[in-house]
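K.L.:
Got two chains here, each in a separate frame; can you build the complex from them with the hints?
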Amino acid sequence: MAERSFAKEVEKLRLGAGEEFAGEGILAITKALLQCGVGYVGGYQGAPISHLMDVLADAQDILGELGVHFEASASEATATAMLAASVHYPIRGAATFKSTVGTNVASDALANLASGGVTGGALIIVGEDYGEGSSIMQERSHAFAMKSQVWLLDPRPNLPSIVKAVEDGFELSEISNTPVMLQVRIRCCHVHGHFIAKDNKRPPMTVADALSAPRRDTGRIVLPPASFLHEKEKVAKRWPAAVDFIRKNKINEFFGSDHGSVGIVMQGGMYNSVIRALQRLGLADTYGETDVPLYVLNAVYPLVDDEFLSFCEGKQAVLVVEEGQPNYVEQAFAAMLHKAGRGTRLVGKEYLPMAGEYTGQVMLDGIGSFLRAEAPHLLPGEVRAPNKVGDGVDTADLINVVPGRPPGFCIGCPERPIFAATKLVEQELGKHHIASDIGCHLFSIMPPFELGATTMGYGLGPASASAFNSPNAKRRSISFVGDGGFWHNGLTSSIGNAVFNKNDGVIVIVDNFYSAATGGQDILSSRASNRTKSTKHPITEAVKGMGVKWLRHIDRTYDVGKVQDTLREALTTEEKGPKVIVASSECMLNRQRREKPLVDKAIKGGERVVKPKFGVDEDICTGDHACMRLSGCPSLSVKSLDDPLRDDPVASIDQNCVGCGNCGEVADAAVLCPSFYRADVVHNPGRWDRFLESARRAVIGMMQRRRESRRLVFADA
Amino acid sequence: MLDQAPPLRPKSGATDNERVIKLALLAVGGQGGGVLADWIVDVAERNGYVAQSTSVAGVAQRTGATIYYVEMARHTGRLPVFALSPSQGDVDILIAAELMEAGRAIIRGFVTPDRTTLITSSHRIAAVSEKVEPGDGRASSSKVHATAEAAAKRFVAFDMEKIASDNGSMISASLLGALAGSDALPFTRESYEQAIGAGGRGVKASLAAFGAAFDRARGAAAAASPKPAEPAIVESALGAGQLRGPQNLVQGWQALAARIDLMPVAVRDMALRGLRKVVDYQDIAYGRDYLDRLDKAVALDDAGHAHALSIAAAKHLANALCYDDMIRVADLKTRSTRDQRVRKEVGAKAGSILQVTEYFHPRIEEFCGTLPAGLGSYIENRPRLAGFLDRRINRGRRVRTDSFAGFAMLWFIGGLRRWRRSLLRHKVEMAHVERWYALALSHAREDYALAVEILNCRRLIKGYSDTHVRAQSKFDRVLSALDLLKGRDDAADWIRRLREAALKDEKGDMLDGALRTVATLGSVPAN
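Chains C and G supply the protein sequences, listed in that same order. Residues 10 to 726 (this note's numbering) are what the first sequence spells out, left to right. Residues 6 to 532 (this note's numbering) are what the second sequence spells out, left to right.
Looking at chain G on its own, in the form it has when it is part of the complex (with noise of 0.2 Å):
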């Protein structure tokens, strides 16, 4: 007879004895996931408990985000019966492998205040949806952190994938390794080391991360998210950064230097950094072209506003002297900093020689750039000869300049250098400089805001051939709506809109939208 309510049983979880620790684990597919759970059931077995794991490795999906699930119990002589995947708020132990999967994890309610250790290692792996924009796509790592440290009880978080690749081993190991350092079961270190013994298959690294990882864990509450580095008060140029290279050239670098003295100290790291890679990208009278134009901006600049104009020029102008064309390409290429570069990136052992391939595809654009002015231009306004050069020129050209003939051709273009002054290519591109400085600063007295929005538009311009001219075609649209927006407060917000909204995508297509709502806004002004 049920008519009244029965004696409770005792909840799941409610006796300690009893209780079910419920554990879920998500993760980017091949990560190894799998590894992770097996390791940990072979620990709760290892301690006297009933485990139970469970997955959904759909076969294929291997870069997709996947959940591996364990339920255990003490081993009473009873048998559990355990659920075969995570419920919202009734998890005790959640593993990320990735940040974004403890986003995730968070968003799918397996993170509760009440009860949940996030377990998660701090870096990422970008999703497709995050590299396919032509800006910065990437997701926020601080509000996932922010978001943890409120929904989760205890919060564990550091980069166990660099320790992992550190220790030669996989993000499992280290991953375990913080399960096991974090307390957040009750069981000893050995054992979870005898269960990585046990695997058989690389488990000197996999001790090695599992260890560091511990004390990690151990020391280390929630590492807070990546601050981003305070810009550098440069006291003084003159000094600041080591350099080499004739008497001469050195003087000639310590009177540009000692100009960068006489500028706002706000303005003078980025301008340091500028006049380097001026400097570096051709020679010391570009680098005196550069602090020129750069002080035009300087005069106009008042510290009430921070200087922002002048830090906004001097980054910019650099990167627009410093335009990407052949010769830079190939000095880059061949220069002795760059084999050192090489051989860590691809981690080549001493011993181990290193063969280079480069793909280059020119094409005619790219060939009259080379080319004196006069000359350049006289084959770009023939269609007819510059078609038949380009049949004989368009083509894909690999390159190995670890050899004679490979090196020494690339030398001699980047060798061109010294010429470049008279080429074809940097007529275009100083006309296009000008032409831009000139109209940012011609803004600067009235709307100075409106000045630094249109300097940063130059961040559009990049990329190389089709990439370079839908570039140049995405930064004139945005600068199209110059007219339409002078004299209206908020001209340069929408300026910073547009720019955003052409960063997107690739063909512009957000762009365009915002153009047509810029067009309805009418030219009237706000005030």
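Bound conformation, chain C alone (with noise of 0.2 Å):
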């Protein structure tokens, strides 16, 4: 089950036609999907979209009444080869993942879906981002949907657009056989709005329905000479039934006045931030009316030859508004533009930059100069000439008092205590070579630990240490892999190949129970039991199957010095080929939210129940921080003693303390100090705890009065 739950708002996915709709973009994308009668969806989480699979996990039950099939995919590559179902029969399917590192794992199957084309409308929804929204590499998914010819939609970010695209995309996908990328941004997946409903609609053809009357057509099939034909028709028939769709139907948008002498062609997806600058410049109003014109593409590939030129007519200069590089939008207007022998002079990068988000900022000054350099009979004469802008606060300084805050493991997390304690092997063994892979364990890169030289994808852990194997190396390879990674294609990438290989090298597999990183989903190994899934698959199993001779499991990681052991005999042992560990306990966060409520009821109903915490004890504690070096819990952290003979804070233990133990773990394993200690609350004791606990208190209550009356006692200590 899912981190975030949309139980109850996917209850507004049954809003029928006329009703508002208001909610957030992801919920808005689930609806349109419904309404446009989609047969069966599916897809991989990880942001932004991840929350999308969490809304239609939540609506398998209204999927399931409008005969709509859901698949929790293995991997993207699974998701879109799942969209294969279009191919012979007219079923709509959608698939959604995480880009461009998706689309990456998706592309052997985009390829081939693309090339064979489509009957049913088959819509690919990715989540794409530039700087701060993002957390892997910057790249476009641009770029596949040019390789494979898939079109590419990237609509205006607000609810009735994105709404609009998706059913556009579905027709658009029908029209020209060709299957269709919609591109949404994290804050546009996340947008609070409205939009009024239409009905959902039952699939024509389900599912079911396909399998009862099966359906082949050799020309549909990748394979000579039907895949020379599908190149022909990509050009001779699907180009051209898309550019005549996307003409007809106004899919690109025209705002602002039909003429001047300059204009601005924009990514449906920076449009807000275009009329933001221009609001700022003076030039629009808060509901976007401008002089300026505005050619917005809704759909940034295919582009429209004639749509675009007619644009340009009579413009000195047009500005391209293209996030992200490299600029193919605006390198095939220039060649349009050029083979058109006009005279209008494109511009783009010369005035936003290359690379990089297009933040507010960006697109002001982007614009500004733009506007100052190409029209600034246009701009207000502030604009034009501003005075010195400068808020007149120096934030130089300031900057080397904030502290950096990158993200970090959870309090409690179950692989903090993985990471001290292979901290600690290395203090002993020294340094190792360590390969790491894409979930929360991607942490340990970070201070406190910094354990971790290279990621080269999800589930590739271990595989981008296969070249680290040599007769004569003194010492292995270390590499980490999340369950998710595992699952995703570690298994037969990672494990399979070190196997087969012969690799030398240590693999720790971080088992949490869940698919964490992106939310907390279900996968094969979860413990928990699923409705619609299934789960408790162990992992161990999967290995021993793979041929893994050397496992090790670990079922508590809390037990540093265990996992410690573990990784020094794995590291030490005489035993040739992978040696591969499995280290076991919940995602705390999962956890806190399954156990909390229950715990709270139990003590509320007056039921026996043991809460553990940590504490310091702040007079032992010498402030030498040794202990947050193998630590960086949100809940472990430093405070002042009001002492003006110590001057060093202590460490403190707040009251979000979950009592995970990797504090006094760590403090036994590492040898730290005695400062810690782990304090047991026995909520509604029973007879025999409060019997017990009189009688201890008397006799210790009696050995500390003798004590305290043969010594001074301050009042104070």
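If you're looking for bench data, these hints aren't it; they were derived computationally from the structure. Everything numeric in this text was worked out from a predicted model, so none of it was measured. One or more of the hints may lead you astray.
[Claimed, not checked] 30 Å max Cα-Cα, derived DSSO-like pairs, lysine-lysine: (1) G:Lys209 - C:Lys610; (2) C:Lys17 - G:Lys209; (3) G:Lys349 - C:Lys648; (4) C:Lys648 - G:Lys509; (5) C:Lys620 - G:Lys349; (6) G:Lys509 - C:Lys432; (7) C:Lys483 - G:Lys512; (8) C:Lys605 - G:Lys354.
[Unchecked claim] Ranges between beta-carbon positions, derived for each pair: (9) G:Arg402 - C:Arg577: 17 to 23 Å; (10) C:Asp208 - G:Arg83: 23 to 29 Å; (11) C:Glu74 - G:Arg159: 50 to 56 Å; (12) C:Lys553 - G:Asp517: 47 to 53 Å; (13) G:Arg194 - C:Ala152: 49 to 55 Å; (14) C:Asn693 - G:Val208: 25 to 31 Å; (15) G:Asp517 - C:Ser718: 50 to 56 Å; (16) C:Ala482 - G:Gly352: 49 to 55 Å.
Think of the CB as a built atom: it goes at the ideal place given N, C-alpha and C, for glycine as much as any other residue.
P.N.:
Here is the structure:
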């Protein structure tokens, strides 16, 4: 079960024609899919569309009622391959995943799907971001659209536009027999807005209908000679069909004055920030009314030549606002103008940065300087020749004060002790080459652990260490992979590969019972029972099945000593071949979400409950912070003592502590100090508890009084 | 024909009716920024505004800095075009859920004097980089406060985390209260409270936190940064601070306190604190010992230097004499006052029972240190014997101090206090104290400041086991520079710099760098 529940929100998916939908972008997309009579949906979680998967998962009852099949795909490749159901059958299908990483994984299936073409509409909803909203390498899905000839929609980031894009996408796909990619950015996925709903549609043909009446058409299968014909068909038939559809249905939009000496062309996703820039330049009002001619590309591929050329009619200069590089759109437009022998100057990356996110400031500067250079007469005086703008506040020295705050492990995270142990082992055996993977465990590269040299992709941690396998090596490589990555493709690409190539390295599989980094979705090895999915398939069994001989399973990662010993053994054993350690403990975030309400209820209900919490004896702590260099737990922090005799702040554990045990285990394993204590609070103690307690209190109290009566006791000591 | 400038469109925010209000919220992952954003949207809609909220809530980024953004405008029937992220110099209200996040907002240009109301909680959540320093690596809050005063049009800052926890709620509630109280938005208090009520969960607590923060924001202009406490002026050590105990010990104490009254006023506070610590650690005689040593510094001292030497001596002598050994740990963990402190710290309610587990990991070193000096060193000088014993001792031990056995064991170890002076660890520590203290005072005449800095180097010695060993070596490395430095005008500065460098990282890499620099200075006196 996912971290965020949309159980309540999904009820909005039942809204009928004319009713107003209010909510998040991802819910709007889901509603649009149902309004389009989609027959099957699937995908793989990953920001920004993780929540879209969660919405679909929570909406399974509603999907079921409509006869829509939902698939929590094993990977993006699986999700895209699933769209094969739309090749021969007139069934609309949708897949969703994070791009470009997901599209990389999916590209094999994508290319095959695009070559044979589709009968039913096939929509691929990809989340792609630049800058702040992105946690991955900065690339463009646009390249995939071009190389496989898949159409790419990039709608304006408001709910009505996204919903329309979904509807247009399916039609476009069917009319041109081509899969369509719909690109959304993270803020658009989470944008809160409104649109007028339509009734949900049952798919005219369900997957069940298709199975009872199978079809095939050799001409749609990717094999010579059909594949040669596919390429011709792409340019001769599908492309023109798509261009006609886009033109006829006015997918791209024109705003502002229809004549003027300059104009701005933009990806639909850039519209709001362009308008904001124009507003700040005094050229647009609150509602986006402007005199500057705007050409908004809700379809960024294919481009419509005559649409663009007519926009350029009588314009001296046109600015292309295109986030990311290479600047495919700008290049294409430049070629059009050149071939049409037009004099209009086309500019883009001259005024806007070639790389990086187009933030509000970037947009203001870029469009501002474009207009100053090309159409100063449009600008109000104060903008044309601004007085020195500057807030007059010098933040230079503040930059050295404010500490960075990168993401890290949560309070009580079961992965923290694994890396604490790794750090301790390295203190014994020296530094090792450590290969990281994708997932929460990648936070090991951050302080205080600073472990991990590379990350090469999901499930590819051990694969990325495969070259480090030499008979004359003195040390072994260590590689990490999460349970998510393991099932995504790590089992074959990493474990299988290591077995087959007799890799001598150490592989640690971090098993936290979920695909945790993407929001706690269930996977094969999840321990929870899932109503619609088959879980509880142990990773250890799969690893054994792959032929791994040296396998250790740690079922409580908080046992730092044990993790340390196991890792040491793996690094030093004589045994050849991959040494695999499966380190299992439940993601604390999900565990708390599950247990906390139950515990609170039990305590209220008067049941006996033992709740652990950690603490620090501040007069025993010397303030050396060695514990924090092995933890980084948000609830273990520093505090100043009201005592002039003490210079440095001491360790302190706040109320958010969940008593995971890492502090004590580390203090023990690393032989740090005796400052930590674990306090188990027994709520609603039983009769025996109370008897024992009073007996102990009596004796202990007596001993304490005896000693304290023979010494000086200071009031505030 | 756009050859001449067109009639200028009303800028966003030109007419009040069409003005777009821009609100950005910076928080640390896990603070509930999403809840707050939803509340704000709800409040806006209740007041006939159209609102749009966005976030970059990366699903896994739970402890990192996060940002939420809300835009709203009065509903006029037409849909405004809202931006999806804040722009520099274009934010009306900036809410920061933690002080350094306010600093980050200022750096990112989201706070400008012409328009921005900056509402921030003044509490700190230390970043990892601040926590891992062996010394005090925390960022300067006062610097952020100072810059914020200048950068914001209005600055509202107080500890909203405390208000939240005092009312059993989350900071999102007190932040909303501060927002409402600041009147930065044209909405009534009731509409805010309705939004909270509609939320459903923990409404009562949320409303309480909201109300407290609301009043505080109404009353309080920006709260100033916390000021360091003034050192107390102790007129007489006699009777300062209550104490109880057997008559003879109380008399003994008063005799010692009387000696403090003979010291310069400036020294008394620190000396009294030191004396208490030392007597509490061992006994009256140990306190006498402490004062005897302290007197040496006082004798060398004078008002001209504001008695800096004596004060440093009073402070660091006390810490040096109260070295952290097993006896002290056991003693502190078996005191009656400790039970109450633990109950308070873990928030144990009356009627609940506490089970306390201590984490010990004794090694041969600690074992020998707790033996009579002769026996202890006998073992230490025989590596094979020591190794043999270590294999039996060196193991993590969990002790339940709420149980008879566990408590009795620690109580017994604590009782060894009486023989402490005869134990090996004491001999070692005292030898170290002698060397350090004598070394410091030996410089007092020709270089007073240097003597003070040498005393201050005691700050380096802390931690247990390996950490303690590393600390010792840093201490020695810093003082190793003395031969090169003495005689220079800036000798004291250099020792201070070296000490500060030593507190920067675990292994002392920065210290080694600083030492290499010192080596290049040459020992030629600068004067």
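K.L.:
Hint by hint, say whether it matches the structure.
P.N.:
Structure-based check of all given hints:
Simply put, G:Lys209 and C:Lys610 have alpha-carbon atoms about 18 Å apart, close enough for the 30 Å limit, and the pair holds. For the hint linking C:Lys17 to G:Lys209, the alpha-carbon distance of about 22 Å falls within 30 Å, and the restraint holds. The suggested pairing of G:Lys349 with C:Lys648 holds, with an alpha-carbon distance near 16 Å, which does not exceed 30 Å. Straight-line distance between C-alpha atoms of C:Lys648 and G:Lys509 comes to about 18 Å, which keeps the hinted pair within the 30 Å bound.
Restraint check: the Cα-Cα separation between C:Lys620 and G:Lys349 comes to about 15 Å, which is no more than 30 Å; the hinted pair holds. With a CA separation close to 20 Å, the supplied pair G:Lys509 and C:Lys432 stays within the 30 Å bound. Note on C:Lys483 and G:Lys512: the hinted pairing holds, with a Cα-Cα distance of about 26 Å set against a maximum of 30 Å. Straight-line distance between C-alpha atoms of C:Lys605 and G:Lys354 comes to about 18 Å, which keeps the hinted pair within the 30 Å bound.
Range check, G:Arg402 to C:Arg577: Cβ separation about 21 Å, and the 17 to 23 Å hint holds. Between C:Asp208 and G:Arg83 the CB atoms are about 27 Å apart, so this pair conforms to the stated range of 23 to 29 Å. In this structure the hint that C:Glu74 and G:Arg159 lie 50 to 56 Å apart at CB holds, the actual value being about 53 Å. Taken as a hint, the range 47 to 53 Å holds for the pair C:Lys553 and G:Asp517, whose Cβ atoms sit roughly 49 Å apart.
Range check, G:Arg194 to C:Ala152: about 53 Å between beta-carbon atoms, so the 49 to 55 Å window is met. In this structure the hint that C:Asn693 and G:Val208 lie 25 to 31 Å apart at CB holds, the actual value being about 26 Å. Hint check: G:Asp517 to C:Ser718, Cβ distance near 52 Å, so the stated range 50 to 56 Å holds. A C-beta distance of roughly 52 Å is found between C:Ala482 and G:Gly352, which places it inside the suggested range of 49 to 55 Å.
Going through the hint list in order, the structure satisfies each hint without exception.
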